[in-house]
Amino acid sequence: QVKFDSGVLLLSTHRLIWRDQRNHECCIAIPLSQVIFIEEQAAGIGKSAKIVVHLHPAPSSKEPGPFQSSKYSYIKLSFKEHGQIEFYRRLSEEMTQRRWESMPAGHTIQVTKEPQAGRIRAVGIVGIERKLEEKRKETDKNISEAFEDLSKLMEKAKEMVELSKSIANKIKEKQGDITEDETIRFKSYLLSMGIANPVTRETYGSGTQYHMQLAKQLAGILQTPLEERGGIMSLTEVYCLVNRARGLELLSPEDLVNACRMLESLKLPLRLRIFDSGVMVIELQSHNEEEMVASALETVSEKGSLTADEFAKLVGMSVLLAKERLLLAEKMGHLCRDDSVEGLRFYPNLFLTQS
Amino acid sequence: QAKYKERGTVLAEDQLAQMSKQLDMFKTNLEEFASKHKQEIRKNPKFRVQFQDMCATIGVDPLASGKGFWSEMLGVGDFYYELGVQIIEVCLALKHRNGGLIMLEELHQQVLKGRGKFAQDVSQDDLLRAIKKLKVLGNGFGIIPVGGTYLIQSVPAELNMDHTVVLQLAEKKGYVTVSEIRTSLKWETERAKQVLEHLLKEGMAWLDTQAAGEPQYWLPALFTELYSQEITPEEAKEAIP
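Residue numbers (UniProt numbering), protein chains in the order written: chain A, 1 to 355; chain B, 1 to 241.
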């Protein structure tokens, strides 16, 4: 490892340039024509993301550089903060286009005599630097304008929060003298602003008109997928399925949960069920998990004993739901467990059947 | 008395009407903000953090609903909800390797890979916010602080304070032994063994009985050598139920 730490890496059509952040006079470069190929090395604990640049042997005409020689035929560029992905992409592009072969170098390297002795400025690099500086200033200007606008916006948002608190307090005082209509309106306002619902949750739940509509939509969308999966899916699966299908205007996890909580009261053909473990599932109304337990018992008996993984593979279920079914069977007394370091294994409960 | 009741109702109606008007105004302000800075939010992770922190300070959750103004106009919702899907997929694909525990760094890398070269950059802060939202789905997602970073749990396994503390101890080397736990945490052997066995049962730890000295309990989630190992096609199939 060399001591070229803390710097800025620049890419031109002809060269890879590195400049020390602290000592601007320290600047090294490699012509892209010297590069055979590049590869990425991903980050890990204590390791930063890197790009490995494999080089041709140095030509004898090479200008003197930081080292006389090296036993390695490659260099590693270490990205301590960020930028590896983007840089790799651009470097790959330059390597593919090989523009140095068709274009002469844009600026020749000039040696200018500066008041301080021994300083060499390459015009090409200065040009690049200036552009970067301009871009940085532009970006900074954009950011500070954005922050200013953001602060102003948040001031207004804060007013909305204050107003909603005041209304919520009024509702609390009135204890039910507020009409259902007004409650629904208020909840939808809160939803738009993303303000948590302090008062009305206890009385009418977190659902709004939006969630009611969503619940009805879900009942339509999920019917077939549920049938294909034995009548039951975890809420996580539903979240992925629905959002992948939508592509845009995705549902938030809370939207999904709030909509599913309304399924039963809206008398839709699906329902939300929460297992003891906290796992949440959607079931077809026609699905009867307790009946499925009976068939699970048969399967386990046939095989003598099964783990959740084994059962899942046999039946074609997700491991998560397989485990819940076996746990339910245990809860109902049909199975008992053998919990060892080898894993959790379920056996038919012979205490029950043979006592 | 009826008169008071009437007056009460009118007050609420007034305030609701006022809120409705102010909401419309706010929506316009937000639209204006979005037209100028929507790109900034999507492209700049630091700006996103600033935005999220400010929302939290005033008591607003821009990610609560896809139907909220923030989501609709700034597109923040889609950004995080899609990220949620990608996080779930990676965790499902790798669950059999690590028992449902994964380091934030590894999750970050795998998600970036899955997003492809031209997708927006996502930061670790983005991942954490997306994960916090996923919890509500009842899937066991959790965030465990270890050694200055985080372990992400993606299965509904119970991990209490004892388990967490042992995970933190194991983070330095990727493995831990009963003696180390006794020395560092001053626990009885029985307590240490219980915690380690629980981790073994959940598939989060593997036992190396051939280690010199005493058995070592390794946590796949902490293996740096496994980082950025490609998700195999079989594993990818697991990810899409």
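Be aware that one or more of the hints could be misleading.
[Unchecked claim] Within a straight-line C-alpha distance of at most 30 Å, the following computed DSS-like cross-link-like pairs (lysine-lysine) qualify:
{"no.": "1", "chain 1": "B", "residue 1": "201", "chain 2": "A", "residue 2": "131"}
{"no.": "2", "chain 1": "B", "residue 1": "172", "chain 2": "A", "residue 2": "303"}
{"no.": "3", "chain 1": "A", "residue 1": "50", "chain 2": "B", "residue 2": "46"}
{"no.": "4", "chain 1": "A", "residue 1": "137", "chain 2": "B", "residue 2": "21"}
{"no.": "5", "chain 1": "B", "residue 1": "27", "chain 2": "A", "residue 2": "152"}
{"no.": "6", "chain 1": "A", "residue 1": "141", "chain 2": "B", "residue 2": "36"}
{"no.": "7", "chain 1": "A", "residue 1": "141", "chain 2": "A", "residue 2": "152"}
{"no.": "8", "chain 1": "A", "residue 1": "135", "chain 2": "B", "residue 2": "36"}
{"no.": "9", "chain 1": "B", "residue 1": "27", "chain 2": "B", "residue 2": "113"}
{"no.": "10", "chain 1": "B", "residue 1": "113", "chain 2": "A", "residue 2": "80"}
{"no.": "11", "chain 1": "A", "residue 1": "141", "chain 2": "B", "residue 2": "172"}
{"no.": "12", "chain 1": "A", "residue 1": "172", "chain 2": "B", "residue 2": "27"}
{"no.": "13", "chain 1": "A", "residue 1": "158", "chain 2": "B", "residue 2": "135"}
{"no.": "14", "chain 1": "B", "residue 1": "21", "chain 2": "A", "residue 2": "152"}
No wet-lab data here; the hints were simulated from the structure.
Computed from a predicted model, the values in this text were never measured in an experiment.
Here is how each hint holds up against the structure:
1. Of the pairs offered as hints, the one joining residue 201 (chain B) and residue 131 (chain A) is violated, with about 58 Å between alpha carbons and a cut-off of 30 Å exceeded.
2. Distance check on the hinted pair: residue 172 (chain B) and residue 303 (chain A) sit about 42 Å apart at the alpha-carbon level, beyond 30 Å; violated.
3. With a C-alpha separation of about 22 Å, the suggested pair residue 50 (chain A) and residue 46 (chain B) falls inside the 30 Å cut-off, and the hint holds.
4. Proximity of residue 137 (chain A) to residue 21 (chain B) is assessed by CA-CA distance (about 39 Å); at most 30 Å being required, the pair is judged violated.
5. A hinted pair counts as satisfied when its Cα atoms are at most 30 Å apart, and residue 27 (chain B) with residue 152 (chain A) qualifies at roughly 14 Å.
6. Of the pairs offered as hints, the one joining residue 141 (chain A) and residue 36 (chain B) holds, with about 13 Å between alpha carbons and a cut-off of 30 Å not exceeded.
7. Between residue 141 (chain A) and residue 152 (chain A) the CA atoms are separated by roughly 17 Å; this keeps the pair inside 30 Å, and the hint holds.
8. A hinted pair counts as satisfied when its Cα atoms are at most 30 Å apart, and residue 135 (chain A) with residue 36 (chain B) qualifies at roughly 18 Å.
9. For the given pair, residue 27 (chain B) sits about 36 Å from residue 113 (chain B) by alpha-carbon distance, which is inconsistent with the 30 Å threshold.
10. Under the criterion of a C-alpha separation no larger than 30 Å, the hint pairing residue 113 (chain B) with residue 80 (chain A) is consistent with the structure, at around 19 Å.
11. Our distance criterion of 30 Å between C-alpha atoms is broken by residue 141 (chain A) and residue 172 (chain B), whose separation comes to about 42 Å.
12. For the proposed pair residue 172 (chain A) and residue 27 (chain B), the alpha carbon gap of about 27 Å is at most 30 Å, so the pair holds.
13. At roughly 27 Å between alpha-carbon atoms, residue 158 (chain A) and residue 135 (chain B) fall within 30 Å of each other, so this suggested pair holds.
14. Restraint check: the Cα-Cα separation between residue 21 (chain B) and residue 152 (chain A) comes to about 19 Å, which is no more than 30 Å; the hinted pair holds.
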